[in-house]
Each structure stands twice: as structure tokens, then as C-alpha cells.
Amino acid sequence: MIEVISDSRCIRCDICVRVCPANVFAKDDQGLPIIARQDDCQTCFLCEIYCPTDALFVAEAADGPIGITEAEVEDRGLFGVYARGLGWSKGRANGAQFDTTHYLRVAQV
Amino acid sequence: MTTGQTTPANGVRFLEGDVLVVGGGPSAAWAAVSASEAGARVVLADKGYFGTSGATAPSNTGTWCVAPGEDRPQVVERRWQRTAGVADQRWMLRTVDQSYRGLLRLFEWGYPFPKDEKGDVYIANLRGPDYMRFMRTRVLAAGVTVLDHHPVLELLSDGETVTGAAGITRPDGTDWQVKAGAVVLATGGCAFFERTSGAAGLTGDGLLMAAEAGAALSGMEFTGKYTLAPYGTSLNKGLPFRWASFYDEQGNPQLDSKGQHLTNGIGGPSEKDIVKALIAGPVYARLDLAEGALQDWLRQGQPNVMQPYERRGINPFTDLFRVELKPEGTVRGTGGIRVSTHDCGTGIPGLYVAGDAASREDVAGGTSGGGAINSSWAIASGWWSGQGASAFSRRRGAPGVFRNHSAPIGQAGLRPRETVFAVDRKAIAEAVRAEVAPLSRNYFRSGPALAESLQRLDVLWNAVTRELGAEGPDRLKTREAASVLASARFSLTAALARTESRGMHRRTDHPGEAEGPVRRYALTGPDAIRVEVQSEADQLQEKAS
Ligand SMILES: Cc1cc2nc3c(=O)[nH]c(=O)nc-3n(C[C@H](O)[C@H](O)[C@H](O)COP(=O)(O)OP(=O)(O)OC[C@H]3O[C@@H](n4cnc5c(N)ncnc54)[C@H](O)[C@@H]3O)c2cc1C
Ligand code: SF4
Ligand code: SF4
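From first to last, the protein sequence lines stand for chains A and B.
Just add 844 to wherever you are in the first sequence, counting from 1, and you've got the working numbering.
Just add 90 to wherever you are in the second sequence, counting from 1, and you've got the working numbering.
Quick caveat, the hints were computed from the structure, so don't treat them as lab data.
All residues carry an ideal CB built from backbone N, CA and C; glycine is no exception.
Errors might be hidden in some of the hints.
Claimed, not checked - Selected chain B positions facing chain A (in silico; Cβ < 8 Å):
no.: 1; residue: 152
no.: 2; residue: 289
no.: 3; residue: 323
no.: 4; residue: 391
To be verified - Here are the simulated lysine-lysine pairs, DSSO-like style, with alpha carbons at most 30 Å apart:
no.: 5; chain 1: A; residue 1: 871; chain 2: B; residue 2: 516
no.: 6; chain 1: B; residue 1: 567; chain 2: A; residue 2: 871
no.: 7; chain 1: B; residue 1: 366; chain 2: B; residue 2: 516
no.: 8; chain 1: A; residue 1: 934; chain 2: A; residue 2: 871
no.: 9; chain 1: B; residue 1: 567; chain 2: B; residue 2: 516
no.: 10; chain 1: B; residue 1: 362; chain 2: B; residue 2: 348
no.: 11; chain 1: A; residue 1: 934; chain 2: B; residue 2: 205
no.: 12; chain 1: B; residue 1: 366; chain 2: B; residue 2: 348
All chains, full assembly: derive it from the sequences and hints.
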């Protein structure tokens with residue numbers, strides 16, 4: 845579930861507010877995104893990879909928040925972890941050309 | 091400007107188009123491109139953001155990719171053997187053919203496919219976030235009017251023909267209507283409020299809307315599909331569990347019915363033993379059969395699947411972690427709106443269907459189409475429905491002519507018969523899930539338990555149609571609750587009607603397949619649900635006439 849928006853990383857670009865498929869975010873009067881409807885979050889991690897500055901963190905627990913802090917996410921190097929796995933960077937898509945799933949499909953049978 | 095737009099005094103925003111596509115997953119994308127290439131002015135309205143919403147966007151989908159050639163019919167025949175006798179090889183062959191063309195289109199458009207070990211382009215896999223983002227740009231380039239965060243709440247009809255749809259915008263709840271020459275429902279499956287990645291918007295809205303318009307649903311009993319996930323997470327992706335071994339809480343191996351260590355959690359013969367172990371108590375897993383390069387391929391090829399482990403700081407190849415089976419409703423099940431014509435018409439004039447909103451009995455039969463067939467079906471049915479809808483719209487002429495005669499036809503969750511009473515959506519979700527989610531009720535089914543479940547949900551349905559409603563943006567929530575409830579009642583009704591075990595419909599009181607021709611159960615509703623039994627012979631006759 846979405847838990848952390850890093851105030852210092854966020855550049856107030858609005859992208860997460862627009863792209864979240866579950867419409868979880870809203871904007872406060874400073875233009876900073878806020879988690880307005882946390883319980884609607886489907887733990888899909890997509891806001892993270894669209895964010896150009898890796899300012900968002902979604903914890904893996906789907907049923908409710910675990911209370912992870914920005915400091916812990918930063919310490920453990922977890923900002924942008926999914927984007928790096930995919931090869932996306934700065935909110936831009938990349939890396940599908942290196943997908944290794946075909947090896948898995950061969951090995952699967 | 092591809093669509094006319096006016097804002098009359100009552101605050102409802104009106105748009106007009108030849109074809110309205112409802113949804114924002116792959117089937118909606120292909121329907122929009124196809125209708126647009128056929129010359130239609132297309133509007134696409136998605137509940138979420140087109141590009142991230144739906145079951146494909148957060149995942150990594152393998153397609154059913156069979157190159158043209160002499161052995162295609164044999165490949166289809168072999169796959170048909172795994173459909174529990176329900177699928178239709180002609181539809182399977184058509185789907186293979188059309189979806190292969192779709193994959194070639196993607197290649198021509200420049201989708202970044204990977205290369206295989208021989209250095210050849212590998213087009214049989216589409217990475218969800220990349221694929222859907224790519225489709226968004228193609229759809230916009232085709233001149234389609236895309237409406238993000240515009241959930242459709244109900245269809246418009248002139249009494250005979252579907253003439254558009256009405257919805258609201260998120261988050262403010264402003265009303266809008268699109269008058270269209272034809273409508274494609276590409277709203278995905280119903281996940282019964284399961285908290286899995288991609289499932290948030292998959293509340294069976296299209297199933298209820300189609301039923302209200304008079305369309306039939308079919309295959310709704312084939313909803314006994316579950317996939318493993320790390321406990322408490324959103325990641326129900328089966329592939330890595332191909333290399334899993336299973337343990338109990340103390341770390342002792344779980345044994346199968348033959349006394350062997352339980353392994354391989356993706357379908358297959360071990361599935362029932364894993365289910366039994368999970369009914370008995372907590373089950374743990376480790377991906378310890380993935381060695382060497384396989385671990386790297388899993389990390390690089392399935393980065394979404396690795397997220398729970400990364401974030402929890404565990405190594406799934408060496409550490410034990412708890413697992414659960416997530417129910418998947420009609421998403422990895424096969425039920426949905428019955429397809430009655432070759433161009434994915436529903437039998438209701440002006441109403442077409444694509445992707446998971448449609449019954450996939452013709453292509454996946456009584457077993458799951460997840461893992462290959464569903465994504466190919468989304469491409470193929472999207473294409474056909476776009477063609478069908480644009481041709482219908484052309485035959486029908488300008489939307490202005492019928493605008494004044496059409497009216498919204500949604501009932502449950504929108505227009506309660508009596509007073510609007512605060513029916514708690516959470517309570518409805520829990521009541522539905524208690525009947526259709528537990529392994530002990532829905533993986534293993536029995537007549538008496540199904541009848542009890544159905545009775546409880548019928549009582550709830552009565553209360554919902556009498557009292558459930560809301561104002562402004564909350565209408566989305568009440569309508570979703572009504573749609574999930576309607577889908578669950580359809581599923582239970584069909585499961586009760588099919589007095590045999592077949593594919594992912596398992597009746598403990600009727601083990602084994604019934605003798606004679608394979609039947610299908612077509613349901614109409616949504617209030618008093620009517621069941622019509624069709625055998626293979628009827629279907630052949632219907633298609634021939
Ligand atoms: C984890 C997972 C892995 C999978 N892997 C594979 C695989 O490897 N191979 C395979 O073949 N299949 C796979 N599938 C299945 C595949 O993802 C689906 O078949 C496919 O996404 C169906 O496409 P669709 O467009 O019909 O529906 P979806 O992609 O689910 O999209 C439905 C769309 O409808 C929109 N919508 C819903 N209600 C409304 C409304 N009222 N108004 C407006 N819009 C609405 C939603 O926002 C969404 O955009 C997988 C599914 C899951 C869950
Ligand atoms: S996408 Fe990232 S940078 Fe942009 S508003 Fe959201 S959190 Fe801030
Ligand atoms: S994880 Fe998905 S649903 Fe949750 S906030 Fe991010 S984009 Fe939205």
C-alpha cells in the first residue's frame with residue numbers, strides 16, 4: 845500500500861495524481877501530492893515507476909499500512925527499487941527489450 | 091476535434107462519437123485502434139488512467155503466440171485438449187490468427203520486444219507497464235478521445251438499441267454522457283474486491299450493465315481459479331512458484347497425497363494438495379528449485395514479482411515465506427458476457443464486448459486462460475469488437491437522430507426502488523467475499539453450500555436494489571458494490587446449475603464429468619436470474635443459422 849511521499853524528492857509535477865489507476869492521490873494547497881484515499885490503493889507500484897524523482901514508496905502489504913518511514917526507505921535504498929528492476933528511469937519507460945521471461949517459459953515445461 | 095461536445099444547463103457534459111469504448115486495458119486499446127482504423131470517431135472512457143489500469147498494466151503477460159504454418163491446427167487441437175471440452179477450436183484458431191497479427195503490428199509500431207537466445211525477436215511476451223503505456227500513445231495517435239478517470243456507471247438505450255453510456259468524473263463526481271452509434275464493453279473481469287494488483291477497478295461493472303441491457307452471461311461457473319502469492323501481498327503471479335517447494339510452519343516439508351514433497355505451485359497435479367494444506371493451516375514456500383541462471387532470469391524477467399521480497403528484505407530462493415491462494419473471480423476464470431456473433435456482438439443491438447468482460451469459454455473453455463490465452467483474446471476480441479461496433483454505427487447513421495429517445499437504464503446501486511439508505515459498501519464486500527472467496531466453499535463446491543450462499547446473496551440483492559444509492563462521486567462505490575454482488579450471484583447460480591465437475595468448477599457432490607454433450611449455461615437477469623441450458627448441438631445450430 846502507498847505509504848511514503850518524500851517531500852524533499854518531490855518536484856510537484858502532478859504525475860502520480862494523474863496516473864494512479866485507483867485515484868488515490870490528491871493535491872494539497874502547496875501543490876504537494878497527498879495520500880487522500882489510501883484504502884483504495886491496489887499495491888501495483890505503478891506510481892513509483894512513473895514518478896520522475898523516485899519520491900514515492902509503496903509497501904508490499906496489500907491490506908493496510910505497515911507504518912514504514914521515509915528514513916527507513918532511504919536507509920534501505922528502496923526508493924526507485926522497482927523502476928531499477930524494470931530498467932525505467934526518471935519516469936521514462938525502458939528495459940522491456942532486455943526482458944528474460946522467454947528463458948523462463950522455456951524452462952517452465 | 092473528433093467528438094462534438096456541449097454543456098447544457100443541467101450540468102451534464104455531453105459528448106458524441108460513433109463508437110464508445112468502455113475500459114482502459116488491452117482489449118479497450120485494441121478496440122479503439124481497430125474502430126478508429128475503420129473510420130469511426132472513437133471515445134475511450136476509463137475508470138482509471140488508461141495505461142496503468144486493469145489486470146495487464148502491473149504485470150508481465152505471456153501471449154498465446156503461434157506463428158502461421160501447417161502445424162497451427164495441431165497446436166490449437168493440443169491446447170483444446172486442456173479446455174475441459176468446453177472451448178471451440180474454430181474460435182481458438184481465429185484468435186491465434188488475429189492476435190498474431192496484433193503482435194506483428196506491435197513490432198511494426200516499434201514496441202521494444204526482447205531477443206531470444208538465437209538473437210531472434212521474441213514477440214510472445216508483453217511487459218505490462220511498457221505495453222499499456224505504448225498502447226496509450228498508439229490510441230492517442232489514432233485520434234481517439236481518451237477520458238481518464240471517467241468511470242461509466244450505466245448504459246443508455248432507446249428501448250431496443252444501446253445508444254451510449256453515462257458516467258461521472260473522478261474525483262469530483264461531475265456527470266457526463268456519451269451518445270454513440272455503438273458501445274464496446276471492455277471493462278475487464280470481476281475480482282470480487284480481492285486486493286490484488288490490477289484488481290481495484292475490476293468490479294464486474296460491465297457484467298451488470300450488459301445484464302441490464304438484456305444480454306446473457308455465460309461460463310460464470312468457471313470461477314474456481316486461485317493463484318499463489320506471498321501472504322498479505324498483492325502479487326498473485328504463478329510463474330515463480332513453478333520452482334517452489336512447500337513447507338509447514340516449522341519448516342518441515344509438506345507432503346502430497348503420495349507422500350512426496352509438495353513442489354511446483356502453478357497448476358498441475360499438486361494444486362489440490364496445496365489447497366488442502368492451505369485449508370488445514372499456514373503454508374510456507376521457498377523458490378529453492380530455481381538454481382543458477384534461473385534466479386537471474388526471474389529477477390530480471392519478473393521484477394514485479396520480486397517486489398514483496400525486496401521490500402521485506404528476504405531472499406525467496408533461500409528463505410521460507412508464508413503463502414496464500416488468491417481467488418481471481420472471472421479475471422483468471424472464464425465467465426463473462428456471452429459472445430453471440432463473430433464480431434463480438436452481445437446479441438443486443440449496438441452492444442459489443444471484448445477481453446475479460448466477455449466469456450472466454452470459446453477460447454479457454456473450462457480452464458483458466460491466464461498465462462497465454464487471455465491476453466491473445468484481449469487483442470483479437472478487441473480488434474473484432476472495434477470492427478463490429480464501427481460497422482454497426484455506420485449502418486445506423488448520425489447519433490443526433492436518436493439522442494432524444496434514449497435514456498439511462500442502470501438500476502442497482504444507482505436508483506434504489508425505495509429510500510436511499512446508507513448500505514455500507516464494506517459490509518457488502520465482506521458478505522460477498524464470505525461466499526465466493528474461501529477455498530473451502532469456492533475451490534471445492536457442493537450443491538447445498540452453493541444454495542445457501544446464493545440464498546444469502548439474493549436477500550442482500552433485494553436490500554441493495556431497494557435501498558442502495560448515493561449522490562455525487564459516491565455513486566461509483568455504490569454501483570461497484572452492486573456490480574460485484576450481481577457477478578457473485580451469477581457465478582453461484584451457474585455453479586449450482588452445473589451438476590458435474592469440469593475444469594475449474596469442482597463439485598464434491600458431483601465429482602467427475604457428466605456423460606453426453608458438453609453443456610453451457612447462459613444466464614439473464616440481473617434480478618430474477620434465468621438459466622438457459624445449451625448443448626453443443628444447440629450451439630452449432632445457432633451459429634449455422
Ligand atoms: C497477475 C496477473 C497476471 C496475468 N498474466 C497473464 C499472462 O501471463 N498471460 C495472459 O494471457 N493473461 C494474463 N493475465 C490476464 C490478462 O491480464 C487479462 O486477460 C487482460 O488484462 C484482459 O484485458 P482487458 O482489457 O479485458 O481487461 P483489463 O486489463 O483488466 O482492463 C479492464 C479495464 O476496464 C476499466 N473499467 C472497469 N470498469 C469500468 C467502468 N465502469 N468504466 C470505465 N472503465 C472501467 C478498468 O479501469 C481497466 O482499464 C493475468 C492477469 C493477472 C491478474
Ligand atoms: S510523481 Fe513524484 S515528483 Fe511528481 S508529484 Fe508525484 S511524488 Fe512528486
Ligand atoms: S500503488 Fe498503484 S494504486 Fe497504489 S497509489 Fe501507487 S499507483 Fe495508485
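Inset, instruction - Output the numbers, in ascending order, of every earlier hint that fails for this structure. - result: none
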